[in-house]
Amino acid sequence: MSVDRPALSETRPDSARPSTGRRTASRTAGTTSPSRGWGDVVIDRVWRFFCSVRAAIWEVAFLATLMLIGTLRGSSVPRSLADAIPFTSPLVDRWYAWDVYNSLLFMLTLALMAIATAVGGMFNRASGIWKAIAHPTVPTTHRFLRGTGGNLFLASASPVSTTAAGLERDLRERRYRVLIQTRGDEVHLYFDKNRFSRLGTFPFHIALILFMVGGIVAAQFGFREMAFIIPEGESRAIGHGTDLAVRLDRFEDTYVESGLPAEYTSYLTLLDNERPVASDAITVNDPLTYDGVTIYQSSFGQAVQIRVTDLTGAALYDGAVELGTFTSSDNPDALAAVVDLRPAGVVLTIIAPDQFPIKQPELDRLQLADQEIYVRARYTGSPGGQEMRAAVLATRQTADLGAIRVEFLRETRFSLFQVASNPAIPLFIVASIMLLGGLMVTFYFPHRRIRGIVSPDSVGDGSKVHLAPLAKRDWGGHRQFDSLVNALANGPSLNLLDTTTKQPAAPGA
Amino acid sequence: MEALVKLSFYCFAATSIAIVAASACYVSFAAGRFRVRARVAPLSFSGAPSGSSVSTVPTGFGSGPTAASLGEFGTMLAWFGLAFQTLSLGMRITASRSAPSNMYEFSMVFVFAVLLIYLLFERSYREKHLGAIVLPIAVGMAAYVWSLPAESREVNPLIPALQNQPLMTTHVSLAIFGYAAFAISFAAAVLFLIVQRRPMSWLPSAAMLDDIGFRGVTIGFPLIALVLITGSIWAHRAWGAYWSWDPKETSALFLWLVYAVYLHTRSLRGWRGTRGAVILILGFAATIFTYFGNYVFGGLHAYGGV
Ligand code: HEM
Numbered sequence: 001m002s003v004d005r006p007a008l009s010e011t012r013p014d015s016a017r018p019s020t021g022r023r024t025a026s027r028t029a030g031t032t033s034p035s036r037g038w039g040d041v042v043i044d045r046v047w048r049f050f051c052s053v054r055a056a057i058w059e060v061a062f063l064a065t066l067m068l069i070g071t072l073r074g075s076s077v078p079r080s081l082a083d084a085i086p087f088t089s090p091l092v093d094r095w096y097a098w099d100v101y102n103s104l105l106f107m108l109t110l111a112l113m114a115i116a117t118a119v120g121g122m123f124n125r126a127s128g129i130w131k132a133i134a135h136p137t138v139p140t141t142h143r144f145l146r147g148t149g150g151n152l153f154l155a156s157a158s159p160v161s162t163t164a165a166g167l168e169r170d171l172r173e174r175r176y177r178v179l180i181q182t183r184g185d186e187v188h189l190y191f192d193k194n195r196f197s198r199l200g201t202f203p204f205h206i207a208l209i210l211f212m213v214g215g216i217v218a219a220q221f222g223f224r225e226m227a228f229i230i231p232e233g234e235s236r237a238i239g240h241g242t243d244l245a246v247r248l249d250r251f252e253d254t255y256v257e258s259g260l261p262a263e264y265t266s267y268l269t270l271l272d273n274e275r276p277v278a279s280d281a282i283t284v285n286d287p288l289t290y291d292g293v294t295i296y297q298s299s300f301g302q303a304v305q306i307r308v309t310d311l312t313g314a315a316l317y318d319g320a321v322e323l324g325t326f327t328s329s330d331n332p333d334a335l336a337a338v339v340d341l342r343p344a345g346v347v348l349t350i351i352a353p354d355q356f357p358i359k360q361p362e363l364d365r366l367q368l369a370d371q372e373i374y375v376r377a378r379y380t381g382s383p384g385g386q387e388m389r390a391a392v393l394a395t396r397q398t399a400d401l402g403a404i405r406v407e408f409l410r411e412t413r414f415s416l417f418q419v420a421s422n423p424a425i426p427l428f429i430v431a432s433i434m435l436l437g438g439l440m441v442t443f444y445f446p447h448r449r450i451r452g453i454v455s456p457d458s459v460g461d462g463s464k465v466h467l468a469p470l471a472k473r474d475w476g477g478h479r480q481f482d483s484l485v486n487a488l489a490n491g492p493s494l495n496l497l498d499t500t501t502k503q504p505a506a507p508g509a
Numbered sequence: 510m511e512a513l514v515k516l517s518f519y520c521f522a523a524t525s526i527a528i529v530a531a532s533a534c535y536v537s538f539a540a541g542r543f544r545v546r547a548r549v550a551p552l553s554f555s556g557a558p559s560g561s562s563v564s565t566v567p568t569g570f571g572s573g574p575t576a577a578s579l580g581e582f583g584t585m586l587a588w589f590g591l592a593f594q595t596l597s598l599g600m601r602i603t604a605s606r607s608a609p610s611n612m613y614e615f616s617m618v619f620v621f622a623v624l625l626i627y628l629l630f631e632r633s634y635r636e637k638h639l640g641a642i643v644l645p646i647a648v649g650m651a652a653y654v655w656s657l658p659a660e661s662r663e664v665n666p667l668i669p670a671l672q673n674q675p676l677m678t679t680h681v682s683l684a685i686f687g688y689a690a691f692a693i694s695f696a697a698a699v700l701f702l703i704v705q706r707r708p709m710s711w712l713p714s715a716a717m718l719d720d721i722g723f724r725g726v727t728i729g730f731p732l733i734a735l736v737l738i739t740g741s742i743w744a745h746r747a748w749g750a751y752w753s754w755d756p757k758e759t760s761a762l763f764l765w766l767v768y769a770v771y772l773h774t775r776s777l778r779g780w781r782g783t784r785g786a787v788i789l790i791l792g793f794a795a796t797i798f799t800y801f802g803n804y805v806f807g808g809l810h811a812y813g814g815v
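Residue numbers (our numbering), protein chains in the order written: chain A, 1 to 509; chain B, 510 to 815.
Some hints could be false.
Where chain B lies over chain A, by a calculated footprint (3+ residues, C-beta under 8 Å) [said to hold, decoys possible]:
1) 51-57
2) 430-437
Beta-carbon label-pair distances, calculated as ranges [stated by the list, open to error]:
3) 165/A with 675/B: 52 to 62 Å
4) 675/B with 108/A: 37 to 47 Å
5) 653/B with 276/A: 51 to 61 Å
6) 440/A with 588/B: 39 to 49 Å
7) 263/A with 516/B: 29 to 39 Å
8) 653/B with 440/A: 31 to 41 Å
9) 781/B with 444/A: 39 to 49 Å
10) 512/B with 472/A: 51 to 61 Å
11) 495/A with 540/B: 45 to 55 Å
12) 134/A with 632/B: 32 to 42 Å
13) 363/A with 675/B: 44 to 54 Å
14) 255/A with 632/B: 36 to 46 Å
15) 516/B with 243/A: 52 to 62 Å
If you are wondering where the hints come from, they were derived from the structure by calculation, not from laboratory data.
Glycine is no exception: its CB is placed at the ideal position from the N, C-alpha and C atoms.
Between the sequences and the hints, there should be enough to build the whole structure, so can you do that?
Written as structure tokens, this is what we have:
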């Protein structure tokens, strides 16, 4: 009986014998010792919580629930719930309003799980797992073998030592590790395969923590700009503590028949302290990376190059204006933009010609020709801020609009980029490899273990081999054990008496 | 090209017929056994175990002749279905020269994957009863393909963001193979619950079904992990961010977490078995939700069109 225990606990490494002082303390605290202080009890409880796989199940399930809530927020499912059951509608409104992934609750859950993964998923199990790998207990009992539910007896004509040696040879050939101990006239056996597979759970769970750490690193030290616009021919500083700037030298686009863009390309030059350091043509799936900063092609659009001066000739604006950022009621089908020159008391609206002249022509109150733009200046300082002046300009034309002069230089285009820097990428790559590697090892090379006792037969000089897989509730382990024993029994080295003896042992035999 | 696309669809029609017939065979194999057994039970099930092997695992073979040959027919038809589906996909890919990119193509791959994985399991476990659940799932997916408007069968060029071929092919196919593996786990879990409730000697043992359920997850879980990883690499190339909490991403992560819960239950005595099977069934519900997510989500992944 006393030999049984360690062997039994090996089948459940999560409940392996206490591996730390703290855990030992928790046992006594929980059961016998009333003299322990409150603090110890609390610490023990917390420790046990973090060690518990049962708690891990609930934690992962809770995280999954948060993910589901967040996922559905991006759908119309809650809305239809509210439509179906009216009184849920305040709840549904809150649901849509709750930014799950940036909430404190979500962060706390992740933090809790990171700790639990480290403590319960790894730290607490490490020594138990290491023992199962490095120093498994060899001696066992017939009673334990019967308890596995998969034991069987083989009868050999050879004496104990020969049979044990034959088994050892056969199993080593099959790449099993074989451990043998002689106890009186019996030989106790332990053989296993893929023992290091038990370690796979460590890279896997560490990878989970690394992903969380990576997320924090990225949020803390990285940046991401979603709408980084550069008109053709101009350059723009990236900022965020870098000395980098991007110049859009040229932009090209091609279309398929249906009018969808087939491909568009931006020819960029990257400037570091105004010195060109890289140049590349980037497309949607082919970004440019320099010094940890990546520039992605995102989209593009129409722009106009204008110059605005006041009546003394001082420039108020000189550059490109991206169209399409604004929709004007004067022509909803046209690309338009607003240029805010409020320090000078003026807000400019610029409207391009109609994009789809055949679509709802009655809405177009401007009727611009190709290559023309409509420019309107609203004087914010005027009574009610409503004084306006407007003009239609063709390329290279200039108009005086009250206190300002606007010159339309030319049509141009802009390209829209995303600029991002994510210093956690190497971490993510390492974590991905660890995660997949750990899973593969755990799943595809499972640790297989077999225990056995070779004892002298009560009649004759033969021996009896009692074998059992350590595969509680593991059908696959049993199946492998069966096919292994079949192969052993059909091989010559065991010198089996008669195949009819290869029967599953009856309970209590 | 046009002709190939058409021919591919005709092959799919052949697949559909084969798997409908296979489903009928598998289902009546499972049910027909019931009749045959009821009649001969006192004779053939009076307790003689299969004594020829050392197996300690109840295998549950042996039944009436009619039922058994129905099972053989089912298997044969399922292999036919797989063969036609392979042809169909091959032609489609030749014609479009691109990875699957809309629900029509995804579902074609799903039918292929679920047949392939199922047949491999059937061979490995020598167990046909799962077919009575898995094949109808394949038929359901085929029916969904038929319900799609005819335009979706045409080959369309992709928008630039979806044009990174090898990565996208990997990403999408891995996901679909993962879903197909979860379908096997689902079938095993359903049978498991049936067997638990009312042990039926001709059905596979609960222990074997538990193992099949687990094996399905050992295929699907790493695949979905890879899907999340390749997906974020792709998102990085196309949209400039590895992870943007897009509903399609989060629903895949949700799915993954459900199966992580399942994997943890396997190391707990009280949780293994029935509760594990229930989680597998929930997991498959989550799989379907993720698969058809394009219908309920906006977001970046809507670009490919439904
Ligand atoms: C919350 C803290 C966590 C704890 C305490 C924990 C603990 C454990 C333990 C003890 C095992 C081994 C069971 C056995 O030996 O049979 C395990 C396995 C596993 N866990 Fe966790 N885990 C945690 C979080 C997670 C998370 C968040 C995931 C996935 C998203 C995960 C995925 C897995 C998987 C896939 C396995 C099976 C493969 C393996 O043994 O490595 N775990 N976990």
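The hints, checked one at a time:
1. 51-57: With 4 residues close enough to chain B, the hint holds.
2. 430-437: holds (count 3)
3. 165/A with 675/B: 52 to 62 Å: 54 Å Cβ-Cβ, so the 52 to 62 Å window holds.
4. 675/B with 108/A: 37 to 47 Å: 40 Å, holds
5. 653/B with 276/A: 51 to 61 Å: Taking Cβ atoms as reference, residue 653/B and residue 276/A lie about 54 Å apart, which means the hint holds.
6. 440/A with 588/B: 39 to 49 Å: Since residue 440/A and residue 588/B have Cβ atoms about 29 Å apart, the given range 39 to 49 Å is violated.
7. 263/A with 516/B: 29 to 39 Å: Once the Cβ atoms are compared, 30 Å apart, the range 29 to 39 Å for residue 516/B and residue 263/A holds.
8. 653/B with 440/A: 31 to 41 Å: For residue 440/A against residue 653/B, whose Cβ atoms are near 33 Å apart, the range 31 to 41 Å holds.
9. 781/B with 444/A: 39 to 49 Å: 21 Å, violated
10. 512/B with 472/A: 51 to 61 Å: 58 Å, holds
11. 495/A with 540/B: 45 to 55 Å: Since the Cβ atoms of residue 495/A and residue 540/B sit about 49 Å apart, the hinted range of 45 to 55 Å holds.
12. 134/A with 632/B: 32 to 42 Å: 38 Å, holds
13. 363/A with 675/B: 44 to 54 Å: Holds - the Cβ-Cβ distance for residue 363/A and residue 675/B, about 46 Å, lies within 44 to 54 Å.
14. 255/A with 632/B: 36 to 46 Å: 51 Å, violated
15. 516/B with 243/A: 52 to 62 Å: About 59 Å separates the Cβ atoms of residue 516/B and residue 243/A, which means 52 to 62 Å holds.
In the structure shown, a violation is registered for the earlier hints numbered 6, 9, 14, in ascending order.
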